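One line per chain: the protein sequences are A and B, in this order. If you're matching positions, the first sequence starts at 1 in the numbering used here and goes up one per residue. If you're matching positions, the second sequence starts at 1 in the numbering used here and goes up one per residue.
One should not assume that every hint holds.
Partner residues are not named here, just some residues of chain B that face chain A (Cβ under 10 Å, in silico) [unchecked claim]:
#: 1; residue: Gln6
#: 2; residue: Met7
#: 3; residue: Gly41
#: 4; residue: Glu42
#: 5; residue: Leu44
#: 6; residue: Phe89
#: 7; residue: Ala91
#: 8; residue: Phe103
#: 9; residue: Gly104
#: 10; residue: Lys105
Everything labelled a hint here was simulated from the structure, so no lab data went into it. Computed from a prediction, not measured in an experiment: that's the story for all the values here. All residues carry an ideal CB built from backbone N, CA and C; glycine is no exception.
Chain by chain, the residues:
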Amino acid sequence: NAGVTQTPKFQVLKTGQSMTLQCAQDMNHNSMYWYRQDPGMGLRLIYYSASEGTTDKGEVPNGYNVSRLNKREFSLRLESAAPSQTSVYFCASSEARQYQQYFGPGTRLTVT
Amino acid sequence: GDSVTQMEGPVTLSEEAFLTINCTYTATGYPSLFWYVQYPGEGLQLLLKATKADDKGSNKGFEATYRKETTSFHLEKGSVQVSDSAVYFCALSDRGSQGNLIFGKGTKLSVKP
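In isolation and in its complexed conformation, chain B is listed as follows:
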C-alpha cells in the first residue's frame, strides 16, 4: 500500500541554520503531497502542499518540490528561527481515495538561540 517515509528525528539546529527534512513516498497513481506542522500542545496545520509533479509548495519561508522521478518531497528552509520548533509531518493523498491522508511518523525540530 501507499506509504510515506521521513527522516528520523529529533533534529536540533541553531538559529539561522539551513533546514532539510527528507520525505520519500510510495504510491500507486498520482498523489498530492503535503507538509503539516504541529506546534507544542496543538493540532496539525497545513504548512504547504503540491498537487502534481514539479510543483513547488511554499509558505512561511519553507519550500518543498514534488519530485516524481525520485518520489520525494523534501522540506527546506534557508534560515530557521526558534519559533519553527515543532513536529513536521509529510503526508500524501492518493487521488483515488476519498481524501484520506497517509502520514509519515513525524520529525521533531528543535531550534536553539
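So that you can see chain A by itself, here it is in the shape it has in the complex:
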C-alpha cells in the first residue's frame, strides 16, 4: 500500500503560470482533501471531496480549482499562480465520516 501519493514533490512557477498538483490514494477512501501549510498558520483547507463526483470549498478556495477524477484521484489546479500561493500543499484522504485523515508527503510550491 502506497497510501496517499502526491506529484510533484517540488515545483517553481513564475507568476501567471498554471499547473496541476496530482493526488492519488489506494485505500478506497471516499473523502479527499487539499490543504495548504504556511508558517505560523497551521493547515488550512482549500477544497474537499466527500465522495466521487462532489467537491466543496474549504476555508481558502480562491485561486484554486479541483477535480475528483475518480475515487482514487483528486487534483488541485492553479490557473494563474501568484506569489501568495507559495506554500506546501498536502493532500489527505479518509473514510467517510471516520475523521482520521491520512496525508501525503506534500508538494512544496514556490511562485516567483
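Given the structure of chain A, go ahead and fit chain B onto it with the hints provided.
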C-alpha cells in the same frame, strides 16, 4: 466557528524531560479530538485521538485526555527522545461536518541530547 488554540512554540527540551503541549478548543456539538505529528520533510500522521469526553488517547508514550469541562486536550509525554523532534498539531472534527478537520497552528518541538 469552531477553532483550536495550541501553545506557541518552539519548545526546546533536553532528552528525558517531561513534555506538555497545551491545546484548547471551541466547538459546537461534540467534536472528536486529535493530535497529529509532522516529522521534518514529511506529511502529517495521526499520533492519537479521542472521540468522547474523558477518553484518553495514547500512542508511542504520548497521552492526551479529552476534558469537556475545560475544553482541553493537552499532549503529554513523560520522557522525550531526540526522535520526538517534530511539529505537533492539535485538531478537532465536529460530528456534524463531513469529516473535515480544523487544525491548530502547530507547535515545534526540538529535543536536545
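**Prompt:** Is the hint on B/Glu42 kept, meaning its closest Cβ partner in chain A is under 10 Å away?
**Reply:** Holds: closest Cβ of chain A sits about 6 Å from B/Glu42, inside 10 Å.
**Prompt:** Hey, does the B/Gly104 contact hint survive, CB to chain A under 10 Å?
**Reply:** holds, 6 Å
**Asked** Minimum Cβ distance from B/Phe89 to chain A below 10 Å?
**Response** holds, 7 Å
**Message:** Given B/Gly41 as an interface hint, is its Cβ closer than 10 Å to any Cβ of chain A?
**Reply:** Holds, because the Cβ-Cβ distance from B/Gly41 to chain A comes to roughly 8 Å (cut-off 10 Å).
**Prompt:** Was the hint right that B/Leu44 lines chain A, CB cutoff 10 Å?
**Reply:** holds, 4 Å
**Asked** Regarding the hint that B/Ala91 lies at the interface with chain A, is the smallest CB-CB distance below 10 Å?
**Response** holds, 8 Å
**Request:** Go through the hint on B/Lys105 and say holds or violated, using the shortest Cβ distance to chain A against 10 Å.
**Result:** holds, 4 Å
**Prompt:** Per the CB criterion, is B/Gln6 less than 10 Å away from chain A?
**Reply:** holds, 9 Å
**Item:** Hint check: 10 Å Cβ-Cβ cutoff, B/Phe103 to chain A
**Value:** At about 4 Å, which falls below the 10 Å cut-off, the nearest Cβ of chain A leaves the hint on B/Phe103 intact, so it holds.
**Message:** Is the interface hint satisfied for B/Met7? The criterion is a beta-carbon contact with chain A at less than 10 Å.
**Reply:** Given a least distance of 13 Å, the restraint on B/Met7 is violated.
Consistency note: the structure conflicts with earlier hint 2 alone.
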